[in-house]
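Trainee: Top line first, the protein sequences correspond to chains A and B.
For the first sequence, the residue numbers in full-length UniProt numbering are 1 to 371.
For the second sequence, the residue numbers in full-length UniProt numbering are 1 to 441.
Simulated from the structure, these hints should not be mistaken for lab results.
Any given hint might turn out to be false.
[Claimed, not checked] Distance condition first, Cα-Cα at most 25 Å in a straight line; then the derived DMTMM-like pairs of lysine to aspartate or glutamate:
| hint | chain 1 | residue 1 | chain 2 | residue 2 |
| --- | --- | --- | --- | --- |
| 1 | B | 420 | A | 167 |
| 2 | A | 168 | B | 423 |
| 3 | B | 420 | A | 182 |
[Unchecked claim] Ranges between beta-carbon positions, derived for each pair:
| hint | chain 1 | residue 1 | chain 2 | residue 2 | range |
| --- | --- | --- | --- | --- | --- |
| 4 | A | 264 | B | 379 | 47 to 55 Å |
| 5 | A | 181 | B | 430 | 28 to 36 Å |
| 6 | B | 344 | A | 98 | 52 to 60 Å |
[Said to hold, decoys possible] Covered stretches of chain A, as calculated for chain B (at least 3 residues, CB under 8 Å):
| hint | stretch |
| --- | --- |
| 7 | 73-86 |
| 8 | 98-111 |
| 9 | 277-286 |
| 10 | 298-312 |
Glycine included, C-beta positions come from ideal geometry on N, C-alpha and C.
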Amino acid sequence: MTSIISPPSAPQQKHGRPDAESTGAPSSGNSPRPSLRAKFGALDVKVSPYLYIAPFFILFALVGLFPLVYTFIVSINDWDLLSGAGDWVGLENYVTELTDPYFWNSLFNTFSIFLLSAIPQLIAATFIAAILDQNLRAKTFWRMSILLPYVVTPVAVTLIFSSAFDEKYGLINNILQLLNLDPVAWKSEVFPSHIAIASMVNWRWTGYNALILLAAMQAVPRELHESAALDGAGAFRRFFSITLPGIRPSMIFVIITATVGGLQIFTEPKLFNPSSSTLGGPNREYQTTVLYLWDLAFNRGDFGKASAVAWLLFLIIILVGLLNFLISRSIASSGGGRGEKIGRAARRSARKNAQLLAREAAQENLKEHRS
Amino acid sequence: MKNSRHTKTAAALAGAAAFALLAVGCSSGASSAEPASSDNPVTLTVTTFGTMGLDGLYKQYEADHPGITIKATNIDTGGNALTDWKTKQAAGAGLPDVQAVEEGWLGQVMAVSDSFTDLGQYGAADIKDRWVSWKTEQATDSKDRVIAYGTDIGPVGLCYNKKLFKEAGLPTDRTEVAAALGGDDATWANYFETGKKYKAATGKSWYDQSGFVWNSMVNQLPEGYYKADGSLNIEGNTALAERWDELAGGAAAGLSSGQTQWDWGKGKAFVDGSFATSVCPGWMLGVVQGQIEAAGGNADSGWDFADVFPGGPTNWGGTFLTVPTTSKHPAEAAELATYLTDAKSQVAAFQAAGTFPSVTAAQTDPGVTGSNELSKFFNDAPVGEILASRSEGVKAQFKGANDSVIQEQVFGPATIALDKGTDGKSAWNDALTTLKNLDLK
Numbered sequence: 001m002t003s004i005i006s007p008p009s010a011p012q013q014k015h016g017r018p019d020a021e022s023t024g025a026p027s028s029g030n031s032p033r034p035s036l037r038a039k040f041g042a043l044d045v046k047v048s049p050y051l052y053i054a055p056f057f058i059l060f061a062l063v064g065l066f067p068l069v070y071t072f073i074v075s076i077n078d079w080d081l082l083s084g085a086g087d088w089v090g091l092e093n094y095v096t097e098l099t100d101p102y103f104w105n106s107l108f109n110t111f112s113i114f115l116l117s118a119i120p121q122l123i124a125a126t127f128i129a130a131i132l133d134q135n136l137r138a139k140t141f142w143r144m145s146i147l148l149p150y151v152v153t154p155v156a157v158t159l160i161f162s163s164a165f166d167e168k169y170g171l172i173n174n175i176l177q178l179l180n181l182d183p184v185a186w187k188s189e190v191f192p193s194h195i196a197i198a199s200m201v202n203w204r205w206t207g208y209n210a211l212i213l214l215a216a217m218q219a220v221p222r223e224l225h226e227s228a229a230l231d232g233a234g235a236f237r238r239f240f241s242i243t244l245p246g247i248r249p250s251m252i253f254v255i256i257t258a259t260v261g262g263l264q265i266f267t268e269p270k271l272f273n274p275s276s277s278t279l280g281g282p283n284r285e286y287q288t289t290v291l292y293l294w295d296l297a298f299n300r301g302d303f304g305k306a307s308a309v310a311w312l313l314f315l316i317i318i319l320v321g322l323l324n325f326l327i328s329r330s331i332a333s334s335g336g337g338r339g340e341k342i343g344r345a346a347r348r349s350a351r352k353n354a355q356l357l358a359r360e361a362a363q364e365n366l367k368e369h370r371s
Numbered sequence: 001m002k003n004s005r006h007t008k009t010a011a012a013l014a015g016a017a018a019f020a021l022l023a024v025g026c027s028s029g030a031s032s033a034e035p036a037s038s039d040n041p042v043t044l045t046v047t048t049f050g051t052m053g054l055d056g057l058y059k060q061y062e063a064d065h066p067g068i069t070i071k072a073t074n075i076d077t078g079g080n081a082l083t084d085w086k087t088k089q090a091a092g093a094g095l096p097d098v099q100a101v102e103e104g105w106l107g108q109v110m111a112v113s114d115s116f117t118d119l120g121q122y123g124a125a126d127i128k129d130r131w132v133s134w135k136t137e138q139a140t141d142s143k144d145r146v147i148a149y150g151t152d153i154g155p156v157g158l159c160y161n162k163k164l165f166k167e168a169g170l171p172t173d174r175t176e177v178a179a180a181l182g183g184d185d186a187t188w189a190n191y192f193e194t195g196k197k198y199k200a201a202t203g204k205s206w207y208d209q210s211g212f213v214w215n216s217m218v219n220q221l222p223e224g225y226y227k228a229d230g231s232l233n234i235e236g237n238t239a240l241a242e243r244w245d246e247l248a249g250g251a252a253a254g255l256s257s258g259q260t261q262w263d264w265g266k267g268k269a270f271v272d273g274s275f276a277t278s279v280c281p282g283w284m285l286g287v288v289q290g291q292i293e294a295a296g297g298n299a300d301s302g303w304d305f306a307d308v309f310p311g312g313p314t315n316w317g318g319t320f321l322t323v324p325t326t327s328k329h330p331a332e333a334a335e336l337a338t339y340l341t342d343a344k345s346q347v348a349a350f351q352a353a354g355t356f357p358s359v360t361a362a363q364t365d366p367g368v369t370g371s372n373e374l375s376k377f378f379n380d381a382p383v384g385e386i387l388a389s390r391s392e393g394v395k396a397q398f399k400g401a402n403d404s405v406i407q408e409q410v411f412g413p414a415t416i417a418l419d420k421g422t423d424g425k426s427a428w429n430d431a432l433t434t435l436k437n438l439d440l441k
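Take these sequences, add in the hints, and give me the full structure.
Mentor: The structure is reproduced here in structure tokens:
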């Protein structure tokens, strides 16, 4: 960013300095008109861009950077929520948390719910987007409909799902029993509870992601599709070889935001069973890391450890985000190495086709000319 | 620590200064402590939670005290109110002039009792005989400062279903039921024995779930999860372990119906005969009524309320009003708290919300002892009288800083495990492991 801003200002700086040296006096009274304006202009060029971007950085420093640093300071102290800072303990809070079985349990739950939600969600979103990308009647209606779950507040969604997943009186178990199947312990067993929570997340986010991917799909050049179709590539081949590589940047964006959101999941598990005395299920079956953090801070009052967990989670999210970035880059650039080749091949054949067509046209022209 | 103490002192000084200014400003007129007037308006903020029945009293107070405006906030549940209080306490800002606190958080409140105004400065000593003695004891911190005024209490009696008792051939009249369970000497052993007879006669469960039974068992002990000196008192606590074994024996005999706490199948369990008795602190009666009505039941569903409780008198829950030191008008706030906890107000609160008063004069008031909606629902049981009798002999148990965490996170899952068929020994050991993992002090 600086490299873009500095070049224009640099020459002006040079221009101003010799001017001042030549007059030999520090006072600008000798040549007031050009230097004042020039100085102001120079200042404008130099400073304005920073002023324009400053609001974001000031806000970020206030609500992003400061809490980040402050949390770190809290995390290296023995800090009680109510009575405040105690002794400086260094990294002890981190060490205790890394050996705490409930911390690892919460990480396991978080990742399990994350995988159960993110993977089906992204696959579904991509296919929904692909379908919406076709020539449908009442396009806007369909597009707005899939965004509807996103508009509904997550608390309401959770309350509805929580009642549907109720173990004794819930809709889903009632249906299961109608079909002569065993009821599932949605709220007191690990895997069923994860599925239930993942379904809430999917309900909320699939449509949102689908819309982003749809926008990306519409930016993929139609000619590529057409030429590939001419070459005899079927709908699926075109989807995997042209659409997927084409929406790579949006795909990466969607995956990263899904990672950050998924690893910070809170509302859904918090309200899934509000009558449970322990947050996240009687035996912490679905206690996610943020829920664990909340419990540490506000139930057990250990602000220091809670802050340590917050930082650990921050680092984990960065790590997983990076990992996802790398994976999605390789997937989307190829569909596993193969796709890209096919994509290139398709493009090459399209190019060849075009050349052929051009040559034929030229020959036709020639013929016409001769005759 | 240093920082927060400085701010606290600063806040206290500021508060005192503000008060002094007020006092100076108004000292010309009346000699009584009434600094606020129509010329000197004061707005008092009040935070309460659940149904405390105080809302109707603010208007009267405002009318009687020109210049005072009350801005009241009521938070839906005690749990949310606790989070609200803790967040504001931790931030050191945003606390109201009068803050309601629940008995369950008392351990945490007492750990930071410095941040509450010593009501002794505002006449706590003159009115301390208002309350049952143990309520005042609960509100007194380790430095003998009274930091809270009691509103309601939760003396525990026994709810029982008359129809189910009749089916099982047990006595149905509430005095006979009390006598059959041992009257003033009712023991848990007797309670579980009677339960086994009931189970043998009907094949049904005796109580709803183990959690509430366990809470009352612990509350009755002279020392619960903590010793009076503030140290943890669970591992090696034989009194506690003995009661756990009794409870586990009951669960193993199928006496527990294994219901979900606070849910009871949306009240259905209260009307379909799943269980015949239930632990009932005063405020629970309203909860039970709500559950029964939610499930389509009514006064004919057979529930009654007996003046007896196994293991002796005990208290569960109850609320206090405090004045945080951050208040700019501690004198006015204390006066409001005094008003809200006097006998007349407490009778009004009982009639509005069924909260049983901690003020002795209110307990004997006809407005409390007389017939009301609640007593009609419980087969015309003299609810007020029974609760007054149940509050006699209650001793305030020391509540440690993490008492509620232990109750919810250590023994909550353990009692659920008992109800699901885990044997007592392994459930107890699991509880100890949880306690160790939680690393509580």
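Trainee: Hints first: check each against the structure and report whether it holds.
Mentor: Going through the hints against the structure:
no.	hint	result
1	B:420 <-> A:167	14 Å, holds
2	A:168 <-> B:423	24 Å, holds
3	B:420 <-> A:182	18 Å, holds
4	A:264 <-> B:379: 47 to 55 Å	52 Å, holds
5	A:181 <-> B:430: 28 to 36 Å	31 Å, holds
6	B:344 <-> A:98: 52 to 60 Å	58 Å, holds
7	73-86	holds (count 6)
8	98-111	holds (count 3)
9	277-286	holds (count 4)
10	298-312	holds (count 5)
Every hint, counting from the list given before, is met by this structure.
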